[in-house]
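All chains should be built: construct the whole structure from the sequences, respecting the hints.
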Amino acid sequence: MKAFLKEHFVLIAGLALPIILSAVFFVSANFPMNPIDPPRYKAVFAFNYYYSHNPEYPYRIQISDAGVAELHFLPPKNEANIQHWNLPQLYLFDPQTKKGQQIEMPKIDDLTEPSVQPIPALEGKTLSGLATSPDGFIFREDYRGGGNLMTAIFGGGASGGYRYSFIKDRHRFPIEPDSGIYYGGGKLIGWVTEEKTP
Amino acid sequence: MTGAPPLFEAKAKALAQIGDLARDNGITPDEIAAYMTRAGLQDKSAAWLSRLLGYIGAVFVFGGLGLYMAMIWSDLGSFARVTITFGPGIGAFLFGIITLKDERFRAASTPLFLKAAVLQPVGMFVFLDEYADGNDTQLAALVIFGILAVQYLLCFVAFRRTALLFFGYLFFNAFAGILMERCEVDEDIFGLGMSLSILMVAWSIDRSIHKPIAAFWYFIGGVGLLWSVYDIVHHSALDIVLLPVSISLMWVSVRMHSRTMLLVGTFGLLGFLGYYTDEYFKDITGWPLAIMLMGFLLVGISYYAVRLSHKIKREAALAPPEP
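Residue numbers (my numbering), protein chains in the order written: chain A, 1 to 198; chain B, 199 to 521.
What the hints contain is simulated information worked out from the structure, not anything from laboratory work. Don't take every hint at face value.
[Unchecked claim] Within a straight-line C-alpha distance of at most 20 Å, the following computed SDA-like cross-link-like pairs (lysine to any residue) qualify:
hint: 1; chain 1: A; residue 1: Lys99; chain 2: B; residue 2: Gly332
hint: 2; chain 1: A; residue 1: Lys98; chain 2: B; residue 2: Gly332
hint: 3; chain 1: A; residue 1: Lys168; chain 2: B; residue 2: Glu382
hint: 4; chain 1: B; residue 1: Lys409; chain 2: A; residue 2: Ile12
hint: 5; chain 1: B; residue 1: Lys409; chain 2: A; residue 2: Ala13
hint: 6; chain 1: A; residue 1: Lys99; chain 2: B; residue 2: Arg380
hint: 7; chain 1: A; residue 1: Lys98; chain 2: B; residue 2: Cys381
hint: 8; chain 1: A; residue 1: Lys98; chain 2: B; residue 2: Asp334
See below:
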């Protein structure tokens with residue numbers, strides 16, 4: 001056995017290398033050295049919200065002084081341009097289920113007049129617009145690139161795409177929206193700090 | 199590995215006898231080579247047509263099967279879809295194994311394994327698509343390629359056929375790559391790890407009787423390594439690392455008598471020179487001089503590569519393969 005290992009050391013090392021790398025990354029991702037408590041607060045975040053800093057963009061999701069999430073609509077100067085702007089998609093992340101569920105946006109009846117409407121699905125929830133949650137997490141969008149030659153050949157065709165997670169002290173808690181997010185533009189709206197139970 | 203294998207000793211003895219006969223009868227090496235070439239051509243001329251027709255026939259059978267599947271696909275139920283894809287695949291694999299038992303049909307085993315290696319995974323994907331829940335195609339691919347890697351590599355251990363090793367290792371790499379992707383191995387480490395792994399295995403294959411497939415894996419591993427290193431270091435202060443990496447591939451090519459690695463290493467070196475001059479010397483007045491300098495370097499490297507290639511060819515012809 002020892003002679004076999006010695007004679008075929010390069011072969012065994014070559015076959016074992018990808019398996020060992022997978023094991024190392026799997027263990028480091030799932031069994032961190034200094035585990036911390038997972039996020040406790042629900043969070044509201046938006047996707048397809050790239051143009052939130054563009055003054056022409058007609059939609060804004062804002063948190064009022066009372067902590068209520070609202071959809072602000074400001075009609076564009078040229079009314080026909082409204083077709084060019086996408087309504088952002090809103091998601092509520094629940095740390096219990098570790099899933100992000102899409103919530104419905106209020107309907108804007110009159111596209112010619114400015115309006116402010118609360119988001120019905122978030123009724124009874126008080127939000128904080130701070131970047132950091134009360135338990136110290138931040139929201140992060142990062143792009144896992146299209147990869148390189150080897151990931152393209154052997155990666156199973158799933159490389160690339162946006163990933164969303166909550167980060168604290170270099171610990172990452174991934175968010176899995178209930179539908180695919182292909183185009184990015186993710187942004188945290190706020191953390192649910194209080195919730196009235198019906 | 200010590201000592202030459204018996205086959206190599208027998209060959210050396212035969213060559214010595216041919217040398218003695220040639221000396222005694224005043225026959226030159228050129229005359230021997232010309233005779234051997236003529237004899238070889240005569241042998242092959244009779245066989246090439248039937249072989250060509252055989253290959254064309256196989257392509258027609260395979261193409262016809264594919265077309266037939268496409269035409270009746272929508273009319274088929276789940277079981278029929280699995281049967282029509284996986285059935286010919288596993289059938290071809292079993293036939294391939296059976297042909298290994300009979301010396302007369304052994305040459306048919308490789309095309310049969312090739313057909314099986316295409317149809318079996320297709321059939322397994324169809325099976326999962328028809329009968330399994332969920333839409334995680336990457337997980338499906340992980341399971342399928344894992345099963346196929348085990349199947350082909352176990353059969354390779356039993357029958358020692360190079361085709362089985364090639365497809366078994368191909369499926370293993372597909373399995374290992376998807377596993378690394380699912381474990382979220384960093385892209386750069388993925389590229390480096392996978393390339394080094396392939397190069398190490400290719401090195402081991404090259405030292406065995408299965409060395410005809412080593413060149414393919416040297417090519418994949420070498421290009422993958424250069425590409426991965428470039429992805430990591432380009433536009434950074436560490437980009438000079440590309441130079442020793444390319445040179446080390448050339449060194450490995452000499453060490454392993456691999457002209458494929460020499461090709462990859464040479465193109466890596468040329469690519470590095472192009473990148474480096476473009477990165478650091480493009481906007482200065484010496485750019486035309488740099489281009490000329492690069493031209494001289496290209497000529498020099500090409501000359502050196504050709505010399506190395508001849509040396510590798512000579513040494514590879516003399517080196518005995520390990521069993």
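Right, here's what the structure says about each hint:
1. Lys99(A) <-> Gly332(B): holds (17 Å)
2. Lys98(A) <-> Gly332(B): holds (19 Å)
3. Lys168(A) <-> Glu382(B): holds (19 Å)
4. Lys409(B) <-> Ile12(A): holds (17 Å)
5. Lys409(B) <-> Ala13(A): It holds: about 19 Å lies between the C-alpha atoms, which stays within 20 Å.
6. Lys99(A) <-> Arg380(B): Between Lys99(A) and Arg380(B) the Cα gap is close to 19 Å, so the pair holds against 20 Å.
7. Lys98(A) <-> Cys381(B): holds (19 Å)
8. Lys98(A) <-> Asp334(B): Holds - the C-alpha atoms of Asp334(B) and Lys98(A) are around 18 Å apart, at most 20 Å.
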